[in-house]
Structures are given as C-alpha cells and as structure tokens.
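Enquirer: Given next are the chains, with one letter for each unit.
Protein chains: 2
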Amino acid sequence: MADNNKKMVEQITSMDVDFAQWYTDVVKKAELMDYSSVKGCMIFRPYGYAIWENIQKDLDARFKALGHENVYMPMFIPESLLQREKDHVEGFAPECAWVTIGGENQLSEKLCVRPTSETLFCEHFKNVIHSYRDLPKLYNQWCSVVRWEKTTRPFLRTSEFLWQEGHTMHATAEEARAETRRMLKVYEDFYLESLAIPAITGQKTEKEKFAGAEETYTIEPMMHNGVALQGGTSHYFGDGFAKAFDITYTDADNTVKYPHQTSWGVSTRSIGAIIMTHGDDNGLILPPAIAPIQVVIIPAAQHKPGVLEKATEVKDRLSKYRVKLDDSDQSAGWKFSQYEMKGVPVRLEIGPRDIENNACVLVSRVTREKKFISLDNLEAEVEAMLRQVHDELVDRAAKNLAAKTYEAHNFEEFTDIAEHKPGYIKAMWCGSVECEDKIKDVTGGVKSRCIPFGMEPIDTVCACCGKPAKKLVVWGRQY
Amino acid sequence: MADNNKKMVEQITSMDVDFAQWYTDVVKKAELMDYSSVKGCMIFRPYGYAIWENIQKDLDARFKALGHENVYMPMFIPESLLQREKDHVEGFAPECAWVTIGGENQLSEKLCVRPTSETLFCEHFKNVIHSYRDLPKLYNQWCSVVRWEKTTRPFLRTSEFLWQEGHTMHATAEEARAETRRMLKVYEDFYLESLAIPAITGQKTEKEKFAGAEETYTIEPMMHNGVALQGGTSHYFGDGFAKAFDITYTDADNTVKYPHQTSWGVSTRSIGAIIMTHGDDNGLILPPAIAPIQVVIIPAAQHKPGVLEKATEVKDRLSKYRVKLDDSDQSAGWKFSQYEMKGVPVRLEIGPRDIENNACVLVSRVTREKKFISLDNLEAEVEAMLRQVHDELVDRAAKNLAAKTYEAHNFEEFTDIAEHKPGYIKAMWCGSVECEDKIKDVTGGVKSRCIPFGMEPIDTVCACCGKPAKKLVVWGRQY
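In order, the protein sequence lines correspond to chains V and P.
The first sequence begins at 877 in my numbering and counts up by one.
The second sequence begins at 877 in my numbering and counts up by one.
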C-alpha cells in the first residue's frame, strides 16, 4: 500500500521545485483537461467540467436571487458592429478570430467570433429599451468566448474559454455604479464562501481597465506562489455604449435619456485559481462547495462479508452530499492516492473492524488528519469535517496572502521586493501611467493589480517617482 | 377589460389563416427571441432561454441517471481533422463556417466552427481509451453549433443553434446498438413526459441517415399543421470512426479491438416543436414541466386592503412550483392576455370576494375552463390542474397525430393525399432510393420520416413502384 501511494505521488513535480510544472501535472493527473489538436483550445474532461458545472450552479443562483435573467446572444459579431465603440474595438480587434467563409462562399463582411458581447447586447438593448418602465435590464449569458492567444496554459490562457458575462442597463449612473459594485461583491462572496479564496478587491487603474469602460473593478486572489490571478471583473460603462448604439429611453418626466450600463464576468480561469490557491504536492484540494465528489468512501477488505453492504448503507445516509463509493478492485493505497490527487475534501474509510465497533474513519484532505468516529454521529461528523476543510482552506489562503504582501516606500525597496519576494507590494502611487510603465519595465512584469478597497495610505509620496501620492496601489505579477 | 383582451389577441395572425405567420407572431409576441444583425443567428430572450434552461435541466438529469458525464470540446475543428471520415466531411463541409484569420494573422490551416463534434470526440477518445477497462465512455456536451443556412426561421432553421450532443464508445457492437436505442427511448420519454408531445419513432432510411452513421434513429413529432419536425436523432456508427481515427483498446483476452460508437442530439428546435404542437390563436401553450412560469397569480382589485397580502400568502404556499404574482398596475384584462400569450399553464385569480369566501379561481390555459376552488384545497387543486393541462396537451397532440396520419396503397392515393391532406402518410416501400427521390420530386418535398417501430405492414407492394415491399415507411413534409 505504501509503495503504491508513493508511486502515484511521484508522478507530480513538487510545487517548490517547479510550480509551473506542478500545475500542469495536477491538471493532467487529476484528469481535469486534455489538449486538443486545435491550437490554444483545450478539452474539459468530465472531472474538470463537473467543477465548472458546480461553479455555474452556484453563481447562477446568486445572479438569479438578485433578479438577473439569462439570455443567449449570437456567437458572431459583424466587423461593423464591433467597430461601433472605438476604445472597445481597439482593445479586442488584435485578438479576434474571424470567420470569412460561410457555406462555401466568401462572406461580404467578416464575422468575429465573440471575444465578449457588449456590442451584441447593445444592439438588442436598442430594440427592447424604450421607456423607463423597461429599466433596469439585468441580463447574463453563459457561453464560450475566443481571444486569440500565442501561448496556452490550461484554464489560465486559452484561445477559447468558458465564462458568464453579465450585461445590465439602468436609468441612472448611480444605479449602474451600484450594480457594478454589487456584482463585484457577489464575486467576492462567491470566491470566499464557495471557492474558499479570500482576495483583495478594488478598482483598476486607467491603464488596466477594460476596453471601453469608464471604471473597472476587480477581485485579485493571490496564488500559493505569490502571483496574482484576476478572478473576476465588473465594469461601469456610463452611457458611452448607449450613445454609440443610440439607445435611449423616455423617462417618467417625458424627456429622452441615455441609459447607463455595466458588464461583469467570471471565467474558467477560476478553476486555475482553485488549483493554485489550495493544491499541494499530493495534487488538487477542492473546496467542498464545488467539489464534484465531497466524500469518497473507501472500504477496507471489501470482499469480507458485510463490508460493502455497510459502506453502501453509509453512502445512503450521506445522500445530501456528493458521495462516491469506490468498490473497484484497485488497492486501498491506490485509491487513497487517486482521490488525494483529485482533491476530494473528505475520505471515509470503513473495514470489518470498524464495522464491529460501529465506527469509521474520516480523513481530511487538507491536514490528512484521521478522525475515528462513531457511526451514530456520521452525518454530523461529515458535515463538521467538510466545514473544517473549508475553514482551513480559507485560513491557509488568508495567511499566504498576508505573509506574501509587502510594503514599499521607495523605488529601491520596491524593486528589491519585486526581485526577491514573490507576492503583492503595497505602495503609494502618483497616478501617472509613466510610473506604472516604469515599474513594469524595471521589474520585468509587475503591474498594478488594483487600488484596493479598505486599505489606509502608507505614505504621502509615490514609491516610484517620489511626487505626491494620490492612491495606495497593490502591485504584483499576474497569470 | 374585454377591449384590452381583444387588442392583445388581434396582434397574432390566426393559425388557420397563415400558420407560418402565426408562428413568427407567437415567437415575437411571447418574447421568446429577437433577430440580430448577424445573418442566420438569433437572440434568445429571457423567456425563450428559460424554456431552454428547463429543457436542459430535464434532459441532463435523464442522461446523468444513466451514467453519462458532461465534457466540453473546442468549438473549432481543423480542416484536416474534419476530413478524417469521408462520408462525414462530405455531409458537413458545404454548411461549415470557416475561421481563416486569428489574431491578425492568416491561419496556415482554416478552422471550421463545429457543426457537430464527432471528430473532436474521436481525437480525444484516442487519448483516453486503451483498455476494455476504459469502456464504455458515456459523454455528453451542451454547446452551440453552426451550420450555414440560407434562410432563417426562429428555432427551426438558424445558422447557430444550441443543443446537446452525446458521444459514447463501447466495447461491442451490441452494446453500442443498445445505447443508440436506449437514448432514442430517453428522447421519446422526454418528449412525452416533459414536452407533452407524443411522436412516431423509428429508423431513418439509408438516404436520410446522418453523414457517417451506419444507422440513424429518429423521433418525429407532428406539428399542429401536419408537418413533421425531426425532434431528436440517435446514431450508431459501428467502428467506422474508430478505424478512421485509429482508436483501439486491448480486450480482457489481450486482443486489440476497435470500439463501437454512438452519438445523439436534441436541439433548440424542440422549442419550435412545443410552439407548433400546442399553441393556439391566443399564443403559446407551455407544458407544465418546462414552463418558466407554471402558475401566474393575478389579483383583482389589488388596491383593496388584504388582497395583495392574500395573493402573496397563496404564492408562498405554492413555492414548490414556478409561480409569478403579477401585481403590476396593468389591467387584469391585459394580464390575462399577456400570460395566455406566454402560454402559462394555470392562471390563478383572486379578489376581495374570493378572499371573503376563502376561495380563488383557477383557469386552464388549454381549455380556458374556470374552476372555483376553496383555498383549503389550494395545493392539491393546483397540482391537479397542472396534471390535467399536461394530460390534455398529450391527448390533443395524439388526436392530431392520429387524425392526420393516412394510408396510401398506390402512387395515385399517395400523391392525392400529399396534395390535399397535410399530415403523415403510411405507405409500403421497396427499399430503393429511386422511389424516395420520385416521391420527393412529384410531391414537391414529401420525404421518408422513418421506418416506424411497432407498426404492422399495410400491404405487400411498394406504394410508389408496385414492386415487392420491404418496409412500412411514414412519409411527410418537414420543417
């Protein structure tokens, strides 16, 4: 058993040796995805897609509870439609995939495979918004989008990815701004409550905001290695698109006005965040809320009379959870490694001696601690351990975030941290793009993550240029 | 109130006057979809998409109960991959949309936007199938596909549509054949139990089968006007694709074998089937199982004290159903028409006098019959009326199918029915493509729907050529 166990584990590179290789190993060995012959596109295998389905169910319920409705827009955008908003097309045109032939004929106008759908939503909004009674429109869509990529990293950087994109229209700027912040809060709650990932949230700088937006808000979880992953964004557009698409409504006072717009999205990158925030050298660790298997039952000496019957009885008692009973003829050691690799939060072991004692063993995937419990308390103990796994994941991630967040008061401190200490850097900023550019160039890639909410200024001058500081910014490298 | 009611209804063309226009009117007025500037593509509005979400939930549960797992494949297929199976590419290449430019560069190989995903699944199957222990693979995917169309009809004929495509691999031909038939049965059950649509099922002729398949099975519901709509298909591929893609497995006896394959799909055309099977001159009629709103509560004199409180109490008691309480300031008449148009199965009216009597009124969307019930029996009465609506829809559709199915014993009878009686024609067939072609040409579009299951031969000679007959075939025009 020990040998088998060791063998499975040896298949993954240690995260301390090579984090990127560890990531790729986990993604492959946990059977989350497979590569395809289509450049930049990947295949979601059943276990990987099941995680996405759970994420979808969770987020979708949060959206609908706030009154959002799902719709579906075409996957193609005619070139002329994409060009209607100037900043938007400049941002996206370079990474578009273009359909130029349809049904054996050259198209008179080429079609972009949607990289995002603001333009399509606006075209539709023009048809369905006429009066203040038609507002707000709170729409969301689940779909795949395409942004041409030179390199491929599973879940993190792929030409096609899956996401949700919310698009809303409001009578006033205030309402739209409130929606932008409300949806960022939904993402923050989702990351913390469902993915067990605490994160910094805040506003993007002008340089880093979304193409066409007035304001972009972001959630920026830190991966185990100190690198940021943009976990979700929420944009306030003002009435820019409404003007470009000539969308107006007649208000209660009979004046004609432009509505105000938002959009917000979370993608399958969130699966990358789960892997890199929680995983360890034994593989994946999945937060219970989105784990396809929350409890795996592994019977010992399952050929002995009564063992499988009891294991099945235990499974039935846990029917409110996603439970798998593995009664295959693989060794117990192989199974232990397999479900550790797959990140199942709780393992339940049960054998003849346990059954004699009306007991079983629970093992936490996070701490690997074994707990001997009476079957009388089965449901309560499983519930408690699932909660404990969630809480420990949050706690570990919060400690990692705190431990790898540094303060820099001048450029020397900044570059020293950037060179030697992977993580986030809190530093004051004068507000100029020049300082953002300089920091990025000198450090080889450190960028402003966001102007964070709820953090106090730590100095009065810009850590880059020494001029008076306007904002505290959290800086870091990113996936 | 009567005036308002009339006005709403007048917005739809009567189905007897112009069935095609009636269909378009219903689709628009019930707010199921909107057109977009993208040729052949349509927008699913919230109400239309909610129907699709309910269909997805229903079918997905049926698939998963049988052990199928969801995956997600890339949306692009390189030209060389599509060409691997000869019949398949011949069938689909003429209707492909091709991406030729990615990220501002001409691609060295053009990419087809998937019209169906057999080739992508096969490429992946080759990576994950090695041993008999890896079989069966029971996969399904929910996605959008593109087949270039010259004409657009909402839900029926669009360049992009949404669907599920199941793809399975099995150790033996018998197992794969059984899966093909099992999934057709799932579709048959789904159409009857959830969409309230009885239908003819059977096997497609050689001429009508899927490109690359050995056998295609189909479910063929009849629309109200007698025209067929292919409701779902299930294909048996044998080992043709396995050979083309070099997919093999080592069996328990250590010999290397090709696995056997199936695929099966249902699309958003099923929404077209719902509309055209059940709808009437007042609009949509939705089967309760997939209706986004199952019960609409319309309070009368809602400004009077206690009315809205009571209506809300009633709504809360019906929380196991999808219930909408419309307390907007529109007139009751407007609301009646609106929710009739939207096909809500049961309307619940409640006003001051009802409340005094501890009563309310239920109205069936099918019969428009009013039922005065005591609030003491609320839950049971609502449940009963929803069941009754379902049963009546099934009954009406079954009667329409029976009434519009004719028998033809010779060519004269056949062409006479084809010209004068919209519906299905049962007629014997010699098995030749020539007779299928002749029938199609002479009648201007009547095609073989299927060789039906469970029907007895009605003659011994082909109704077209008079030669000895091999099979009974159901013929008809189709959407």
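Bear in mind the hints are in silico, worked out from the structure with no lab data behind them.
Don't take each hint at face value.
In this list, chains with the same sequence are indistinguishable; a pair is considered to hold if it fits within one copy or across any two.
To be verified - Calculated lysine-lysine pairs in the PhoX-like style (CA-CA distance at most 20 Å, straight line):
(1) K1297 / K1314
(2) K1280 / K1083
(3) K1196 / K933
(4) K1002 / K1275
Treat the numbers as computed from the prediction; the structure is a model and nothing was measured.
Enquirer: Now tell me if each hint is right for this structure.
Expert: Structure-based check of all given hints:
In this assembly of identical chains, K1297 and K1314 lie within 20 Å of each other by CA distance solely inside one copy; the values are 19 Å within and 79 Å between copies. For the identical chains of this complex, K1280 and K1083 are neighbours neither inside a copy (25 Å) nor across copies (66 Å), given an alpha-carbon limit of 20 Å. Both within a single protomer and between protomers do K1196 and K933 lie at most 20 Å apart by alpha-carbon distance, with minima of 16 Å and 19 Å respectively. Proximity of K1002 to K1275 under the C-alpha cut-off of 20 Å is found in neither arrangement, the shortest distances being 48 Å within a copy and 43 Å between copies.
Hints 2, 4 from the earlier list are contradicted by this structure; the remaining hints agree with it.
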